[in-house]
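Below, each chain spelled out in residue letters.
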Amino acid sequence: MSGGPEERWSIARRLTLFLAAMVAILALVSWGMVTSFAREAAGRTQDNILAASATSIAETLRSESGEVRLELPYSAFSMLGALSEDRVFYRVAVGDEVLTGHADLEGPDVVPGEVVFATLPYRGAVVRAVSLQRTILSDGAAVPVTVTLAQTREGVQAIAAGLSRQAAVLSVLVFVLAVGIAAFAVRASLRPLNTMAQHLATRGPSDLRPLRRQGPPELMPLVKALNRLMERLGGSLRRSEDFIAEAAHRVRTPLAVVRTQAEIALHSVEEEGQKQTLRRVIRAVDESSRSASQLLDHAMVSFRADDLTRERLDLPALAGNVAEALRPTAQMKDIDIALDLDPATALGDEILIQNALRNVLDNAIKYSPAETKVTLSVRNGGGEARVTVVDEGPGFGTASAGELTERFRRGARAEGVVGSGLGLTIAEEALRAHGGRLDLSGDEDGRGACVSLILPAV
Amino acid sequence: MRFLLVEDNHELAEGVVQRLGLDGHAVDHAATLGDAEDCLAVADYDLILLDVMLPDGDGRDFLSRHRDRIETPVIVLTARSQISDRVGALDQGADDYITKPFDFSELEARCRAVLRRRGGTAKNEITLGQAVFDPTAGTLRHGEEVLDLRNREIRLLEVFARNPGQILSKGQLLDRLFSMDADVTENAIEVYVGRLRKKLDGVGVRIETVRGLGYRMDT
Ligand SMILES: Nc1ncnc2c1ncn2[C@@H]1O[C@H](COP(=O)(O)OP(=O)(O)OP(=O)(O)O)[C@@H](O)[C@H]1O
Ligand SMILES: [Mg+2]
Numbered sequence: 001m002s003g004g005p006e007e008r009w010s011i012a013r014r015l016t017l018f019l020a021a022m023v024a025i026l027a028l029v030s031w032g033m034v035t036s037f038a039r040e041a042a043g044r045t046q047d048n049i050l051a052a053s054a055t056s057i058a059e060t061l062r063s064e065s066g067e068v069r070l071e072l073p074y075s076a077f078s079m080l081g082a083l084s085e086d087r088v089f090y091r092v093a094v095g096d097e098v099l100t101g102h103a104d105l106e107g108p109d110v111v112p113g114e115v116v117f118a119t120l121p122y123r124g125a126v127v128r129a130v131s132l133q134r135t136i137l138s139d140g141a142a143v144p145v146t147v148t149l150a151q152t153r154e155g156v157q158a159i160a161a162g163l164s165r166q167a168a169v170l171s172v173l174v175f176v177l178a179v180g181i182a183a184f185a186v187r188a189s190l191r192p193l194n195t196m197a198q199h200l201a202t203r204g205p206s207d208l209r210p211l212r213r214q215g216p217p218e219l220m221p222l223v224k225a226l227n228r229l230m231e232r233l234g235g236s237l238r239r240s241e242d243f244i245a246e247a248a249h250r251v252r253t254p255l256a257v258v259r260t261q262a263e264i265a266l267h268s269v270e271e272e273g274q275k276q277t278l279r280r281v282i283r284a285v286d287e288s289s290r291s292a293s294q295l296l297d298h299a300m301v302s303f304r305a306d307d308l309t310r311e312r313l314d315l316p317a318l319a320g321n322v323a324e325a326l327r328p329t330a331q332m333k334d335i336d337i338a339l340d341l342d343p344a345t346a347l348g349d350e351i352l353i354q355n356a357l358r359n360v361l362d363n364a365i366k367y368s369p370a371e372t373k374v375t376l377s378v379r380n381g382g383g384e385a386r387v388t389v390v391d392e393g394p395g396f397g398t399a400s401a402g403e404l405t406e407r408f409r410r411g412a413r414a415e416g417v418v419g420s421g422l423g424l425t426i427a428e429e430a431l432r433a434h435g436g437r438l439d440l441s442g443d444e445d446g447r448g449a450c451v452s453l454i455l456p457a458v
Numbered sequence: 001m002r003f004l005l006v007e008d009n010h011e012l013a014e015g016v017v018q019r020l021g022l023d024g025h026a027v028d029h030a031a032t033l034g035d036a037e038d039c040l041a042v043a044d045y046d047l048i049l050l051d052v053m054l055p056d057g058d059g060r061d062f063l064s065r066h067r068d069r070i071e072t073p074v075i076v077l078t079a080r081s082q083i084s085d086r087v088g089a090l091d092q093g094a095d096d097y098i099t100k101p102f103d104f105s106e107l108e109a110r111c112r113a114v115l116r117r118r119g120g121t122a123k124n125e126i127t128l129g130q131a132v133f134d135p136t137a138g139t140l141r142h143g144e145e146v147l148d149l150r151n152r153e154i155r156l157l158e159v160f161a162r163n164p165g166q167i168l169s170k171g172q173l174l175d176r177l178f179s180m181d182a183d184v185t186e187n188a189i190e191v192y193v194g195r196l197r198k199k200l201d202g203v204g205v206r207i208e209t210v211r212g213l214g215y216r217m218d219t
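Sequence lines, in order, name chains A and B. Take 1 as the starting number for the first sequence in this note's numbering and just add one per residue. Take 1 as the starting number for the second sequence in this note's numbering and just add one per residue.
Derived by calculation from the structure, the hints in this document are not laboratory data. Keep in mind that a hint or two might mislead.
Claimed, not checked - In silico lysine to any residue, SDA-like type, Cα no more than 25 Å apart, as pairs:
#1 A:LYS366 to A:SER377
#2 A:LYS275 to B:LEU147
#3 B:LYS198 to B:GLU208
#4 A:LYS275 to B:GLU186
#5 A:LYS373 to A:SER302
#6 B:LYS170 to A:ARG447
#7 A:LYS373 to A:LEU308
#8 A:LYS366 to B:VAL191
#9 B:LYS199 to A:VAL176
#10 A:LYS275 to B:LYS199
#11 A:LYS275 to B:LEU213
#12 B:LYS199 to A:ASP334
#13 A:LYS366 to B:GLU186
#14 A:LYS373 to B:SER169
#15 A:LYS373 to B:GLY21
#16 B:LYS199 to B:GLU153
#17 B:LYS170 to A:ASP334
#18 A:LYS373 to B:PRO164
#19 B:LYS170 to A:ARG279
#20 A:LYS373 to A:ALA284
#21 B:LYS198 to B:PRO164
#22 A:LYS366 to A:ALA323
#23 A:LYS275 to B:SER169
#24 A:LYS275 to B:GLN166
#25 A:LYS275 to B:ALA137
#26 A:LYS366 to B:GLY171
#27 B:LYS170 to A:GLY273
#28 A:LYS366 to A:ASP306
#29 A:LYS275 to B:LYS198
#30 A:LYS275 to B:VAL146
#31 B:LYS170 to A:ALA323
#32 A:LYS373 to B:LYS198
#33 A:LYS224 to A:GLN198
With the sequences and hints as input, model every part of the structure.
This is the structure:
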């Protein structure tokens, strides 16, 4: 599977990151706003004080015997000092002539009747300056007097910076808190999804029941889609099961007709040649029927092994059932099935283990001569549960276990015995799927076969 | 024995009726579940052979519906081999199942096993001279003595008992008894006949050798 990194990221991670980014932007913006408000407010305060001071200076201007006189009021400067320790500069000029103060202080151009502000560099610092003009009557003539007052901005900036710092700390706190809440909220919101996933994961392979329609409404479309999918899946499984059943029925019923007719004919014909032909017909029917069964069983074992159910298996009970099912077949050859069952439990799929044991026991009966004994035992020990089938037949001879468990592999003594060569393959696959194994052995002198189904015990 | 065969394929049904007839069994045939109910209402059967796929329903559903009413043992004829299917049949009250196409010796062995398990056997007894032969239980009762017979001996004796006075060739017996067991030779027939003769000693019936033709049982 491929996909960009953002596709592989978990939803929780993506949502948390997204929310964090959003909170970060909000925090930055609000910090920026607080900072600029603070700067503006401090600036406006300074402006107001500057304007008030300049006005009060201008008010002390008077004309005395043709000369403009000024008495600098102390209060004007103390007002400015109240704001900060910033340096203050001033200039009072009558026309173009500087009356008092710093002659090189160039304020903003004055507009009659208005208070004009400007921020400008002065003596290596940035100052806020205010200029206003007042007209004084001197000797019957109107003389314009310009008052310029300037103050450095360190105090204002310090206040603004302090406010900005506090805003920054607050923003970071809000950010951390918001991200925490976001992460928690994301996790909590995704919990129903995780619960659903867990629920689905623990289901057995054939459990296609619909999901319960509970949970947040956002999940309902998913739940509905899943339920529809499972319904369709169940339907097509049922259809294919029905189809297999129907197909098997249609193929096997005519085969049964052929076999039955051949058996009847076998009883009425006298000539050995015809009898031989009929026996061959019956044999061919049996071969094809056996192959069909074993192929189906093999497919079923592979299917079930893919996704194993693990229930507790009472092995002696299971062995007893399989033995009972095959006892009539054994009796046809007067073979005795002796049981020797110890208690043992394993975890697994009952149908698979039953099928495995059935194939092994079927072999023991099939390949043993009449009137012998087959022993079926269950043992528990060393962390293993063993179901063992021992017979008194010809044994495996020189064939190795690996060869005999191969698909469609039949042994040397299989001629004349109907079979498809899949029995041990099926048994082996079933055991492998359970973490167990199939053990084949025989006596040294080649008499008898001993096959063990070994499973991890619980 | 009396069988009820519920099977919708007429050719197969005919064959089964005929084949079981060869062994001396009476078979009634019902083609549908409805017919089967009619038959069960008027007659007693030793065994029901029930197909799973019938035109008016599933044989297994029929079983689970009527299990408490029908006491006759049932062997299901299934077309599938999957264990799950087999188990399904047993769960729903069948006594056993057999996969189509089936070997009649196996069917017979399964019928015998089912009947033995159910314990109802008395009516199929055959009188042989002074002894009573019960092919279902596999016993030969002679006065106080009850002899257990092995399966192949039972089947051989049953063939003789149902065809008294008739000459049966070794080949015929072989096909009847061992159907497809390739390892059995005609010599084996001699061995089993020898054993039967010993067990029938003093009963008043004898298995004679008809030179060149086979055997015949005289009562
Ligand atoms: N108990 C046994 N005694 C002697 N030979 C055996 C025994 N079990 C298996 N074999 C040999 O192993 C071979 C493989 O067995 P397997 O069960 O896989 O196939 P099969 O019996 O031939 O066919 P089927 O699929 O019908 O069972 C057999 O053909 C037979 O030769
Ligand atoms: Mg086999």
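Checklist entry - Honestly, which of those hints from before does the structure not fit? => result Of the numbered hints, 2, 5, 6, 7, 9, 10, 14, 15, 18, 20, 25, 28, 29, 30, 31 do not hold.
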